[in-house]
Amino acid sequence: MQTSELLQYLVTGVTVGSVYALVALGFTIIYNATGIINFAQGEFVVLGGLVFYSLYVVANVPLVLALVVAVLIVAAIGLLMERLAIRPLIRSPVIVLIIITVATSVLLRGAAKLVWGPESLAVPTFSGDKSIFIGGAALQLQYLWVLGLTALAVFGVRLFFDHTLVGKAMQACAINPDAARLAGISVSRMVQGSFALSAALSGLAGVVISPITFASYDGGTILALKGFCGAIIGGLGNGLGAVVGGLFIGVLEKLGIGLAPEGYAGLQDAFAFIVLLLVLFLRPGGLFGTERAEGV
Amino acid sequence: MFSERKLELLGFVVAALIVAALPLVTRSNYLLSIGVFIGLYSMVAIGLGLLMGYAGQVSLGHAAFYGLGAYGSAILTLHYGWNAWLAIVVAAFATALVAYLIGMPTLKLHGHYLAMATLGFGIIVRILFNEGGNLTGGPSGLPAIADLNIGSFVFDNDLRIYCLVWPLVLLQVVLSRNLLRSRLGRALRAIHDSEIAARSCAINTGRHKLMVFVLSAIYASVAGSLYAHWVNFVNPHPFGFVFSIELVVMVVVGGGATLWGPVIGAAALTVIDQLLVQLGHVFAPAKDMDVVLFGVIVVLVLLFLPQGLARGLRRKGVARDGA
Amino acid sequence: MRDLHPRLLVVACVLGAILALALVAGCAKPQPPPLTGMPPPPSAGQPPAPEGEPIKIGAIFSVTGPGAPLGEPEALTAKMVQDDVNKAGGINGRPLEIIIEDDHTEEADAVLAAKKLIEQDEVCAIVGPTMSGTSLAILDGCEKAEVPLFACAASAKITTPVKKWVFSSAQTDVLAVARIVVYLKEQDIKKVAIICDSNAFGQSGAEQLKLQLAEAGIEIVDEEKFATKDTDMTAQLTKIKAKAPEAVICWGTNPGPAVIAKNMKSLGMQAQCINSHGIANKTFIDLAGDAAEGVILPCGKLLVADALPDDDPQKAVLLEFREKYEAHSGKPANTFAGHAYDSLQIVINAIEEAGEDRAAIRDAIEATQEHVGTGGIFNLSADDHNGLTEQGFTIVKIENGTWVELD
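Chains as they are written, first to last, in our numbering: chain A, 1 to 296; chain B, 297 to 619; chain C, 620 to 1026.
Be careful, since some hints might not be right.
Claimed, not checked - Here's a subset of chain A near chain C, in silico, CB distances under 8 Å, partners left out: (1) PHE155; (2) GLY156; (3) PHE160; (4) ASP162.
What the hints assert, rightly or not - The list that follows gives simulated cross-link-like pairs (lysine-lysine, DSS-like), each with its CA atoms no further than 27 Å apart: (5) C:LYS809 / C:LYS848; (6) C:LYS809 / A:LYS130; (7) A:LYS130 / C:LYS901; (8) C:LYS706 / C:LYS943; (9) C:LYS848 / C:LYS829; (10) A:LYS130 / C:LYS829; (11) C:LYS782 / C:LYS848; (12) C:LYS809 / C:LYS829; (13) C:LYS862 / C:LYS810; (14) C:LYS698 / C:LYS1016; (15) C:LYS706 / A:LYS130; (16) C:LYS782 / C:LYS675.
Hints were generated in silico from the structure; no laboratory data involved.
Cβ atoms here follow ideal geometry from the backbone N, Cα and C, with glycine treated the same way.
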């Protein structure tokens, strides 16, 4: 294999991986706040793309405004989901809450199909269809948008958690809700915030990837599953680990396609999950997590 | 008031009567087929219910075991000309082995590690069905799977399959009940309440959980085999992540830690699904909305009966008795 | 009671949301006129309104789920056909009722839908399902119940080996590949790469491509796959690019092939992009945009109906279907809607001839000769339950956002 090919796999892998990373980060934020694995995460991505389509393509809203509004609308949907489906049941066993998220995802998917129809919808790239060639590898300009906005979002989330009062309060709730409550933090507010933030991140992923992959009502499940893999591989609950895990899966998939013998490329979707099993069997705390699986 | 034991017996008799009544009141293959699907889903859900309700573990990949049973039967009978009954048994054993290998490393861990591992496992199995070339028929699947038969008696219509599936379901319920009354059952309940406390009483928690997990895989495999011989066709699509989740929803909606919960959950979801489709014919705006309504109903059931239908209904009944 | 309050709020909100959705859905789609309302007042020149018990045909389409882009137009077609037949006086003076069931693109739901139609509704024939998997899942049930089934799915396994009660109206990939091979030979293309969806449609196409290209002495330099929901196919195409084929043949339905066309363009690949009849609709052009330019595909003649010579036997049928469909649904006609139209027309003709007896209908369907449909001219027989030839296919190139027939 030539270096230019290898470079191409890496570039594509990192781009697709960015989306997995944002989804994985979203998973982690909700998991830390509530212990719930949110299966509606993929629907946030889908809604991001679809709402952005309506604003940017149908209503001709300027790019940046459309992007921001789409992300805010998805965040609002996240808030609504927390308020209507999660909060009334927050004291139920975790499995009931997980099923609630599954039901919500079915509901959101059905609603999206009713509103936007069954066909995929084309979203134009943000800055033209050209590619730059670096070392023989083609880099679509849209890839740069994906990478740049992902980096910005991850950096922003990091700043938020480490340097703002609300962020620190949310972290406190994740570490010990009871202690946080004693310190005067409203845990339910923080749970609400985590849903909004998580939905916003996934919505952003949906917006930036939509010109590459189109917006379609049923594309969420597989993205959610890959993001979920990323979150676990990075060590469930570890935000930075989730981001690295997501990127790792993206690169692995694309390299896998490149290295697979002819005719076996169909197995590429399995790679992420094979790695997931290996990590669970061999290093259950995740590649970047602490070994806390055996603990109490 | 009834004693617990009498109540159990009563429940069983009522269930058996309902099961026996359906073929007497209708000969419609549509209704009988709904009955067969409920039966098949119940077979899987009962195992999953034991795992979730008593061992406190979730599997997000049980569709894979159902699929392994179906494909096992299809491949052994079609490609190798095996006797169908033998194929069902061998497929179940093979599935049990696979479950053992998946469960062994993860069930020792705490928390929802089994859920994550089974999720990945389920998707890998589904992809293998798809990429299996001539062995699995690839994405188009394997058609022309033979009907089951005993001598010249062929299980070639829905009534006969119904009469094969439901006694098995009832048998499973009896087995589950006896299992829960046994040493293993007491151990499981202890694990469910507090794993640490159970371990301090010298209960080998990992082994017990593993046993239940393997048992539930066997149940799923047998149900899958029966599906293959009934529909006479398998393809990868029905054995994916979506069905795994539906199974978990059945157990949660019905109530995991109850004898009849999984059966009630399987019946409720299947019937609601069909009713919603029919609603679309009567009431035009509901057309195309059945998927949305389905999501709403599940959310509402869990909002009002977070313990599941079986226990929720019973509690309401008990409350009425007391009043 | 205090903890009930938020739950009631939830219920109220959810109900409100459903109503809003129903409104949105209701406004977005033009509502077809009520199907069973008051009969219009008879006027001179109009056929008399149909009377008596309706004749029932069942239809199973994937209106929701992954098959929805195909199944929804098919369901619209069925409603349209029902309206048209009843406006024209029904079948032998009796009204036609097409009962449409949604199988959600799920095999289990298709099995139940078929049994419901056969047992509860007592339909005299079933049209559909949309997809190959759901079709194969209900074949044996229809055989056992002795009900004619006219599928709209493309897998060759549906009609080979021939099953007594099962027919299919979709153009099979055998014919589509044959048409592509003719094109490759004309262009003297010797080295191709294939990239196919890992679903039933894509892999059935891959099988045919490998078979027929080998016979034609055309080399396949690389064979790749993609998953239906893949977001980016650059990696597969990079691999293909390194092998420098003259043409890349892609087999799948939207959106995958559109992603591939765009990725090929961004990689600067010069190879000719050839596709299957699976993208023979406007959606592909909308999705791929500029990248769609120059893409070659075999397809039914529906897309190029205007440009057909006037002596083409299909032209009148195609234009009529397209006009009716677009007036009824407000959306551009597509090939899949055409499959449902062909299936229904043949079944309705058979009922007109043979009455309501299922066996007689089956015989009449099998005896269908020279039926001019949207997918081609159907000549059904005891050995051929599809009845189409390459005649129904043409090869087109996408230019300036529309299809241009190649000679």
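Problem set entry | Given pair status - LYS901 (chain C), LYS130 (chain A), alpha carbons within 27 Å | holds (24 Å)
Exercise. Are the Cα atoms of LYS862 (chain C) and LYS810 (chain C) separated by 27 Å or less?
Worked result: Holds, because 9 Å separates the two Cα atoms, which is no more than 27 Å.
Problem set entry | Given pair status - LYS829 (chain C), LYS848 (chain C), alpha carbons within 27 Å | Roughly 24 Å separates the two Cα atoms, so the pair holds.
For this session: Tell me if PHE155 (chain A) is really an interface residue toward chain C, meaning its C-beta lies closer than 8 Å to one of theirs.
Result: violated (24 Å)
Exercise. Are the Cα positions of LYS782 (chain C) and LYS675 (chain C) separated by 27 Å at most?
Worked result: Roughly 23 Å separates the two Cα atoms, so the pair holds.
Exercise. Hey, does the PHE160 (chain A) contact hint survive, CB to chain C under 8 Å?
Worked result: Constraint on PHE160 (chain A) not satisfied, violated at 27 Å.
For this session: Would you check the hint for LYS130 (chain A) and LYS829 (chain C), treating anything up to 27 Å between C-alpha atoms as holding?
Result: It is violated: about 34 Å lies between the C-alpha atoms, which goes past 27 Å.
For this session: Decide if the proposed pair is consistent with the structure: LYS698 (chain C) and LYS1016 (chain C), CA atoms, cutoff 27 Å inclusive.
Result: Cα-Cα ~32 Å, so violated.
For this session: Using 8 Å as the Cβ threshold, decide whether GLY156 (chain A) counts as touching chain C.
Result: With Cβ-Cβ at 24 Å, over 8 Å, it is violated.
For this session: Measure nothing beyond the straight line between the CA atoms of LYS706 (chain C) and LYS943 (chain C); if it is 27 Å or shorter, mark the hint as holding.
Result: holds (13 Å)
Exercise. Can the restraint linking LYS782 (chain C) and LYS848 (chain C) be considered satisfied, given a maximum Cα separation of 27 Å?
Worked result: With a Cα-Cα distance of about 33 Å, the restraint between LYS782 (chain C) and LYS848 (chain C) is violated, given a limit of 27 Å.
Problem set entry | Per-residue hint verdict: ASP162 (chain A), partner chain C, C-beta under 8 Å | For ASP162 (chain A), the interface hint is violated, since the closest Cβ of chain C sits about 31 Å away, which is over 8 Å.
Hint check: violations occur at hints 1, 2, 3, 4, 5, 6, 10, 11, 14 and 15; the rest are consistent with the structure.
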